[in-house]
Amino acid sequence: MENIIKNETEIKQNKNLWIKKISNFYKNKFALTAAIIILFLYILVIFAPFFAPYSANKNFKDKFFHPPTKIHFWDENGLQTPFIYETEVQEGWAEYNINREKTHSLQFFHQGEEYQIFGLFKSDIHLFGVEANIPIFILGSDNYGRDLFTRILYGGRVSLFIGFFAIFITTFIGLIAGGISGYYGGIIDSIIMRAVEVIMSIPSFYLLLALAAVLPLDISSAFRFFLIVSILAFQGWAGMARVIRGMVLSVKNEDYISAAKAIGAEDKRIIIKHILPATATYVIIRATVAIPGYIIMESGLSFIGLGIQEPSASWGNMLSSAQNITKMSDFPWLLLPGFFIFITVLSYNILGDGLRDAFDPKS
Amino acid sequence: MNKKIISILLLMIFVFSLSTAAVELKDPWISEREQGNHGGMLISTLLGDPKTFNTIIAKETSSSRIIDGYIFEGLVTRNGITTNYEPELAKDWEISEDGKKYTFYLREGVQWSDGEEFTADDVIFTFDVIKDENIPTSSRDVLKVDGEFPEYNKIDKYTVEFILPTSFAPFLNNMTAPIIPRHKLHTAWQKGEFNNKWGINTDPEEIVGTGPFKLVDYRNGERVVMEKNEHYWRKDPAGKSLPYLDRWIRIIAESQETESLLFENGETHFLSVRGIDYRRMKQQEEENNFTLIDAGPTFSTNFLVFNMNPRNPNLEDEPYNYEWFTNLNFRKAVAYAMDKDTMIDQALAGQGSKQWSPVSLPNKVYLNKDVDKYPYNLEKAREELKKGGFSWSQNGELIDSEGNKVEFNILTNAGNNVRESLLNIIASELRELGMKINSNPVEFNTMVSKLSSEWDYDVILIGLTGGVEPHQGSNVWMSNGHLHMWNPVQEEPATEWEERLDELFINGASTIDTQKRKEYYDEFQEIIAEKLPVIYTVTPNSIYAVRNTLKNTEVTAYGGVLWNIHELYLEN
Amino acid sequence: MAEFYGIFTNCIWKIKKMRDYIIRRILIIVPLLLAISILSFFIMQLSPGSYLDQMRMSPDISEDLIKEMEADFGLNKNVFLQYFSWLGQILQGNLGQSFTYRIPVSQIIISRLFNTLILSFAAMLISWGISIPIGVYSATHRYSWLDNIFSVFSFIGLSIPNFFFALLLLFAIVRLNLPLPINGMTSIMYDYLSPTEKIIDILKHLLVPALVLGTAGTATLMRQMRGQMLDVIKMDYIRTARSKGLTERNVIYKHAFRNAINPMITIFGFQLSSLFSGAALTEIVTGWPGLGKMMLTAVRSKDLYLAMAGLMMGSLMLVLGNLAADIILALNDPRIKYN
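Residue numbers (my numbering), protein chains in the order written: chain A, 26 to 388; chain B, 40 to 611; chain C, 10 to 348.
Check each hint, because a few of them may be wrong.
Cut-off 25 angstroms, straight-line C-alpha distance, at most; resulting in silico cross-link-like pairs (DSS-like, lysine-lysine) [what the hints assert, rightly or not]:
(1) A:86 - B:475
(2) B:130 - B:223
(3) B:475 - A:83
Treat the hints as calculated values from the structure; they're not laboratory data.
Computed from a predicted structure; not experimentally measured.
Kindly produce the complete structure, drawing on both the sequences and the hints.
As structure tokens, this is what we get:
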């Protein structure tokens, strides 16, 4: 009875603590902005088919390396509904001039190509678009005349979710391995910990390289994505398991666990109900810090040609295909995927930092 | 006592100088270009490290490119401009009436870079090594005529002869193989250690050739340093020994990006420019004191090949694939769907040429420009498809006469940006025709094994680098060839036109007269363009940026900037 | 001086006491390396095909010759036998032969290993050199505008992929005509330079790759240092020191800093891994002749023993780095028990 009362007050205190932590976090303007940016990016890429005017591989073959289309609000008659000028291919290579005669107004909730979002629902409404077969490249086009904005959104699906799934698997394995290792100890503990040591002792990039070289190239991009995620997770779980084990070890000897054990609670129940929640803060913070690392790694893999393959897009392979001085100086919009990587990674880092500040019991 | 020693020493010096003086160059080659300044250091870049300095076993271009022609030379060579045969280590040669016997008269008094004299023994030794089945070299099979390695004999110190089983015109082409020094390698070869000789860890002093340069230093991952070969047999107009350049440093760059950065930073003397950089480099010409030279299309090719092999293991599941690919109308339709202008614009950044014939565009001797062409025209493509019995479903999907939807894979090797772009463009055009195309870049090894041994592909986009001698393509075009890609290693030619190709290649090889040979190869090109077992796409142009201080250059697609490196000099 | 001597004797005493611990730690390395070698050997075997595949494709090379080479390289044996013969060689100090270069692996790898170490060391100097003072400053001036700016800048370093940052820097050097080299480790005139000039030459070449690699690690370190400092400052003994009337400077540097730096040593071990990994891509872009580029080509061409040697060397460096960190930590922190 005493125990229960104690537990209840503890829960109340815990609740208060959480509220305090969250309000701490809200006070951190940086971190809050970062969180909003990340959320925004995820919404953007999840609903990419809606936000993007085209499908990922739609190309306008004579409009390659086309600069961003300017959206105009004014003409000689004053304020108009937003419109664009049509461009024409000029003599010379990748040069276009604007035809001021031909204007096309921008249509919101434009009816375009049909799409599905994760196979859930079908539609053909795009946030914006232009009548007929006139391209609108709000962020320019790439070397095949594909809309960069569209590809950034679709590529973002890979880049944003690769880290997400990788950390999910990492955490899952890490929690189980670390939890078992810490809770049961003994031989299982030694075996798991030795495995952890082995994996942590191989420089991660070398391991990644050796593993990625195993991947066949002629697999579908979804499967490749899955395999890359598994590889990232394969070498990521070790660090996680080690820390979780440490935390479990220290929690294991707390009074309330001993009490639960004394009542005769099952191991499984104890682990799930008591031990794992104690590691939640750490796991969340760790995840926010690890995801940007995975995003960077994906771009690194793309750079050496082992990442997601064309024609599928990822920010990494888009950026690495822009690795050319001419492209950088003459068609600078091709670097935008790099900017998106930058913003995402930056936001995640700031968010992680903010979470740590807010949730760290020491502060 | 001392006097004795001194006199012995003097005697030795005398004898020694006598022995070196005995090697006198009898037939020097004199440069006909303008007299240049001696001295100076040429700096260029190399993509990737050399793997070995042993030219016989250097399979990879990254190694042979570094040494052949600069450190090692062959009996004959091809002129960098005309691509005609020219004497190199052999000053002259004779071909017997029946075309079976070749006699080479070596240049007398040519020295290896360590001062030893070059003689017929070196030539014999080189071919002994090439003939040795324990040496992994690609030169051996090329030299075989009718499956037999030619007989070769030393006639005297400066004469060697080769006796072939039958008349074989392309033989001279194989005599460009580099000659190696017997005095340095013979013992190793006899001990069976030849394959491990002259690896990249070898003391540069040990590596001895007859070429204009000798190796002085190699730093793994950094640079290859070469110095002038003082004993070189080519002379400038003033009679001084060539090359003009004292040193030649090649910086090892990890990527083409680094190569162009180094050039733009003024650190190197010339650069092979990619199409995408052309326009930007053009703007810098004056400011950075260099000239951009467009040497026209390169020898490289990119083409689609259809699997017309009845032994394709996939045919059990999809027998209709074979029907489509062997349907000439189908292939013609695909040929009409090649939007080569877009390919040049997008894959080659505007710097390329269209290819229609299997002989490389810069081949001045054998190219037949008068073959069937299939300019981009989707309407014509549709007509051809209709003629071939294809139709379209209501959704615009292409259907064959049996009602199967037309769907197939096109593979290419990953890592080759140009080819990946071409594949992308081709796939999107074919989709316009209602075909369902799965396009995939795969690892190079995978692709080659599918082509040469598994035969389980649909369509592959691949390239081969052509040469001047059309017979080099015999294993591609003859029906029993390993690389007869659409249907390799046939026992009997499957079609009449393949039978004709076999005849043409056999005749072409056994005829010595170039004009007659050209007739055979013209017909071969017409057949390929008409029957389209492979469909050619576009070829990049070779463009070089050369500093204006580098003189005597005459850049060509065949020879690049360096084909006459012995004549190049740097302005003071 | 006397104080220094005191620390020194103290260290000696500690090392003596720790001897068993150190020996045990070193002994653990052996089975660890063994396990690493097994894991990496079998990963290398996972990918289909072997080095000889490239040759098989060439119609010029006979099947017999390939069989012979297969036997030569030991590739015709089964994987386990291959592993054990490789292991046997290693135990005799022989890293095997590279298939591509046909020379002993050790001759290729040693200079490369050394170069990677130079680069990593320089990068470490940069990241520690920047992050420690800034971390201390940020902690003592928490939420000041400079603190915020430092935070943002450190995150920027963390947020740009290394290879891309390197390329941007090289691009800037060319465009702005800076007198800095853009490729490799030594300039072409290196052999004619005097020893001091040689060092300067290498340092110049080192600047871009080390900066790229260094800034990537700075953010984490800086945040850690800041956090540690903040923790320590709140401790009782710091308050006591302050209340005793010691100058702020004294409090921070004599007391707080010394205690805050301790946990940072653990990070040193962790940082090594990301350092070697980051080094590989940076090396590729800047042409630094280190292990990274070599590994890439070796793995791709399936030059088995070369790739294995690369993996093992990388792991060895990492293990030794961790060992060093542990020992330093044990030396520095009396609370750690050696068990």
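Verification of the hints:
A distance of roughly 19 angstroms separates the Cα atoms of residue 86 of chain A and residue 475 of chain B; the hinted pair therefore holds under the 25 angstroms criterion. Between residue 130 of chain B and residue 223 of chain B the CA atoms are separated by roughly 24 angstroms; this keeps the pair inside 25 angstroms, and the hint holds. Distance hint between residue 475 of chain B and residue 83 of chain A is fulfilled; the C-alpha atoms sit about 15 angstroms from each other, no more than 25 angstroms.
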